[in-house]
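Participant: The residues making up each chain are set out below.
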Amino acid sequence: MSLSDQLIIAPVVIPALAAPLALLVMRRRRWLGVGISLMSCLGLLVTALLLLNRAGDGAIRSYAVGGWPAPFGIVLVLDRLSAMMLVLAAVLGMIALVHAVLTRADRAGWHFHPLFQFQLMGLNGAFLTGDLFNLFVFFEVLLIASYGLMLHGQGRARLKAGVQYVIVNIVGSSLFLVALGLLYALTGTLNMADMGLRVAALGPDDQGLLRIAALLLVSVFALKAALVPLHLWLPRTYAVTTPAVAALFAVMTKVGVYAMIRVVPQIFGDGAGAAAWVPAPWLLPAAMATAVMGFAGVFTARNLSEQAAFAVIGSTGTLMIAVAGWQVESLAAALYYLVHSTLTGMALFLVADIVARRRAGQADQASPGPAFAQRAGIGLLFLLAAIAATGLPPLSGFLGKLLVLQSVAGTPGWQWAWAVILGTTLFGVIGFARSGSAVFWKTSPAVDNAVPPPSRTDDMVGAIAALLLLAALFLCAGPMTAFTRAAAEQLLDPAATAAAVLGGR
Amino acid sequence: MASAIAVLTAGGIYLALRGRTFQVVLGLTLISYAVNLFLFVSGRLTINRPPIWSKTISDYADPLPQALVLTAIVITFGMTAFAVVLSLRSFLETGSDQVDGDEVACATDSDATPS
Numbered sequence: 298m299s300l301s302d303q304l305i306i307a308p309v310v311i312p313a314l315a316a317p318l319a320l321l322v323m324r325r326r327r328w329l330g331v332g333i334s335l336m337s338c339l340g341l342l343v344t345a346l347l348l349l350n351r352a353g354d355g356a357i358r359s360y361a362v363g364g365w366p367a368p369f370g371i372v373l374v375l376d377r378l379s380a381m382m383l384v385l386a387a388v389l390g391m392i393a394l395v396h397a398v399l400t401r402a403d404r405a406g407w408h409f410h411p412l413f414q415f416q417l418m419g420l421n422g423a424f425l426t427g428d429l430f431n432l433f434v435f436f437e438v439l440l441i442a443s444y445g446l447m448l449h450g451q452g453r454a455r456l457k458a459g460v461q462y463v464i465v466n467i468v469g470s471s472l473f474l475v476a477l478g479l480l481y482a483l484t485g486t487l488n489m490a491d492m493g494l495r496v497a498a499l500g501p502d503d504q505g506l507l508r509i510a511a512l513l514l515v516s517v518f519a520l521k522a523a524l525v526p527l528h529l530w531l532p533r534t535y536a537v538t539t540p541a542v543a544a545l546f547a548v549m550t551k552v553g554v555y556a557m558i559r560v561v562p563q564i565f566g567d568g569a570g571a572a573a574w575v576p577a578p579w580l581l582p583a584a585m586a587t588a589v590m591g592f593a594g595v596f597t598a599r600n601l602s603e604q605a606a607f608a609v610i611g612s613t614g615t616l617m618i619a620v621a622g623w624q625v626e627s628l629a630a631a632l633y634y635l636v637h638s639t640l641t642g643m644a645l646f647l648v649a650d651i652v653a654r655r656r657a658g659q660a661d662q663a664s665p666g667p668a669f670a671q672r673a674g675i676g677l678l679f680l681l682a683a684i685a686a687t688g689l690p691p692l693s694g695f696l697g698k699l700l701v702l703q704s705v706a707g708t709p710g711w712q713w714a715w716a717v718i719l720g721t722t723l724f725g726v727i728g729f730a731r732s733g734s735a736v737f738w739k740t741s742p743a744v745d746n747a748v749p750p751p752s753r754t755d756d757m758v759g760a761i762a763a764l765l766l767l768a769a770l771f772l773c774a775g776p777m778t779a780f781t782r783a784a785a786e787q788l789l790d791p792a793a794t795a796a797a798v799l800g801g802r
Numbered sequence: 028m029a030s031a032i033a034v035l036t037a038g039g040i041y042l043a044l045r046g047r048t049f050q051v052v053l054g055l056t057l058i059s060y061a062v063n064l065f066l067f068v069s070g071r072l073t074i075n076r077p078p079i080w081s082k083t084i085s086d087y088a089d090p091l092p093q094a095l096v097l098t099a100i101v102i103t104f105g106m107t108a109f110a111v112v113l114s115l116r117s118f119l120e121t122g123s124d125q126v127d128g129d130e131v132a133c134a135t136d137s138d139a140t141p142s
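Chains A and B supply the protein sequences, listed in that same order.
Basically this note's numbering = 1-based index in the first sequence + 297.
Basically this note's numbering = 1-based index in the second sequence + 27.
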């Protein structure tokens with residue numbers, strides 16, 4: 298195995314090394330710790346781009362950790378989808394980290410940088426792994442880091458939301474383990490590719506158990522993805538946490554979506570007997586309810602970060618409407634929309650943070666306040682982020698929604714899907730217009746204790762970068778959709794993955 | 028074995044649905060015990076069999092669930108410790124050990140503002 302083949306494990310190793318290093322040097326030399334953290338993010342970005350370039354040829358590469366062959370040892374699998382997700386996580390991590398450092402949000406507690414690196418490690422590991430139990434372990438890594446990050450800076454509201462967040466996720470992890478135990482008892486393997494083959498060979502007696510296991514597994518992923526009715530933990534958690542962290546968390550719900558589109562075609566695909574596409578009938582109604590709930594929340598949210606959190610839920614709903622089709626076209630549209638919606642969620646949280654930092658008393662509440670510094674510029678940023686979130690031209694949200702609409706046309710229940718997507722867009726537009734006009738257009742008389750606005754304007758860098766990426770996503774839509782289409786084709790061909798992972802077996 | 032798991036799960040779910048954090052943490056612990064037992068028996072119950080393969084032995088216990096249970100125990104132990112500390116902090120800071128504290132106070136809480 299040459300050195301370049303070892304590159305596959307680098308996205309897990311780099312943050313795993315950077316986190317303890319940053320922890321060690323943080324006490325004495327703060328700037329060195331920050332430097333290590335930034336270098337690690339940069340390294341991740343470069344590695345992810347290299348891997349993306351490599352995955353572009355369509356071959357599926359597997360990396361046997363410790364040299365143990367596939368069904369026995371743990372494998373990491375690199376295909377187009379995982380490479381794409383790696384790049385997305387690296388970009389998000391980079392922007393969130395730069396924003397946190399520039400706004401000094403990382404100084405509110407001791408261990409921001411080590412936790413941030415562990416979070417990235419968990420994300421990357423979850424995107425790469427080809428082993429179901431390993432997926433659980435990486436989920437736990439990213440969850441434990443996220444508990445720390447979520448509580449970063451502390452305060453009453455965060456602690457209160459944190460308790461609920463932790464409890465919900467512990468229950469989710471328990472259910473994940475139950476599903477894993479069932480699947481292992483049925484198939485005797487934990488490797489996803491191998492499991493896909495063995496599920497097809499199960500006898501009729503085991504089909505009931507298999508269905509239960511499949512549905513349990515999918516409901517755990519739905520919990521992570523915050524699909525209705527499992528979404529209740531999200532709005533409060535994301536709204537009260539540090540905005541830079543919330544921006545990174547925008548990718549965490551997408552981990553649930555990713556796990557679903559990775560596991561379902563691979564294990565519960567056409568050959569899986571009674572469990573074939575077992576979540577499909579549930580997914581479409583849940584996705585539509587999620588979109589409606591999310592954008593209704595956008596409509597009623599009381600402050601901008603809460604609005605951003607609901608926009609994340611709504612976009613997950615739109616995304617899952619496309620995923621629920623399980624066709625090449627709809628999955629390709631879903632992947633394009635996934636990239637777009639993650640970046641949008643991040644932009645919304647960052648803009649909410651910028652507003653909150655300039656309005657002392659009111660923070661980011663959607664109510665009129667005294668005029669604040671750089672209001673026109675920030676208003677423009679908010680306008681662009683809202684345009685992206687609701688899916689109006691000229692940003693990538695428009696294309697994303699168009700692709701989703703196009704791909705679901707003709708599938709069963711497509712009229713409902715169209716009505717939901719278009720209706721929620723209207724809701725979103727009104728909601729964002731309302732809060733935007735309250736924050737940026739109306740002014741109330743200045744209060745006595747107005748604080749001077751921050752002299753620095755570099756906290757806008759993160760939001761501008763996210764919006765530029767969205768514009769780039771729109772301009773590069775041609776190659777991008779070709780790539781997501783190829784990724785979707787790869788996903789829906791589990792036999793090829795199995796052949797690549799398990800070798801000649 | 029099945030009834031042990033069932034009793035643990037039932038007790039765990041009942042406690043986890045209570046309003047106070049201490050009972051919820053206990054409930055989560057019970058659920059995690061049930062899950063650990065469940066994982067352990069997912070490799071079938073075997074008695075007096077070595078878990079390591081050798082040429083002279085034809086029957087052996089499945090070693091994988093044991094490794095899985097070990098991992099799961101470590102993770103849930105860490106999680107439980109974290110949940111205990113977190114609920115203690117939350118109790119000290121908010122003065123309430125209810126899982127869902129005061130809704131209105133939370134929404135208008137200026138703590139959410141980053142400084």
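Honestly, the hints are just simulated from the structure, not real lab data.
Please note that a few of the clues may not be correct.
[To be verified] What follows is a set of in silico ranges between Cβ atoms, one per label pair, in the way DEER data are often shown:
id, chain 1, residue 1, chain 2, residue 2, range
1, B, A37, A, A405, 38 to 48 Å
2, B, F109, A, R401, 55 to 65 Å
3, B, S85, A, W365, 21 to 31 Å
4, B, L97, A, P582, 20 to 30 Å
5, A, R599, B, G38, 30 to 40 Å
[Unchecked claim] A partial selection of chain B residues facing chain A, derived with a Cβ cut-off under 10 Å:
id, residue
6, T48
7, G105
8, T107
Just so you know, even glycine gets a beta-carbon here, dropped at the ideal spot from N, CA and C.
Participant: State for each hint whether it applies.
Facilitator: Results for each hint:
1. B:A37 with A:A405: 38 to 48 Å: 42 Å, holds
2. B:F109 with A:R401: 55 to 65 Å: 27 Å, violated
3. B:S85 with A:W365: 21 to 31 Å: 24 Å, holds
4. B:L97 with A:P582: 20 to 30 Å: 40 Å, violated
5. A:R599 with B:G38: 30 to 40 Å: With a Cβ separation near 39 Å, A:R599 and B:G38 satisfy 30 to 40 Å, so the hint holds.
6. T48: 6 Å, holds
7. G105: 7 Å, holds
8. T107: With Cβ-Cβ at 8 Å, under 10 Å, it holds.
Taken one by one, the earlier hints fail for this structure at numbers 2 and 4, listed in ascending order.
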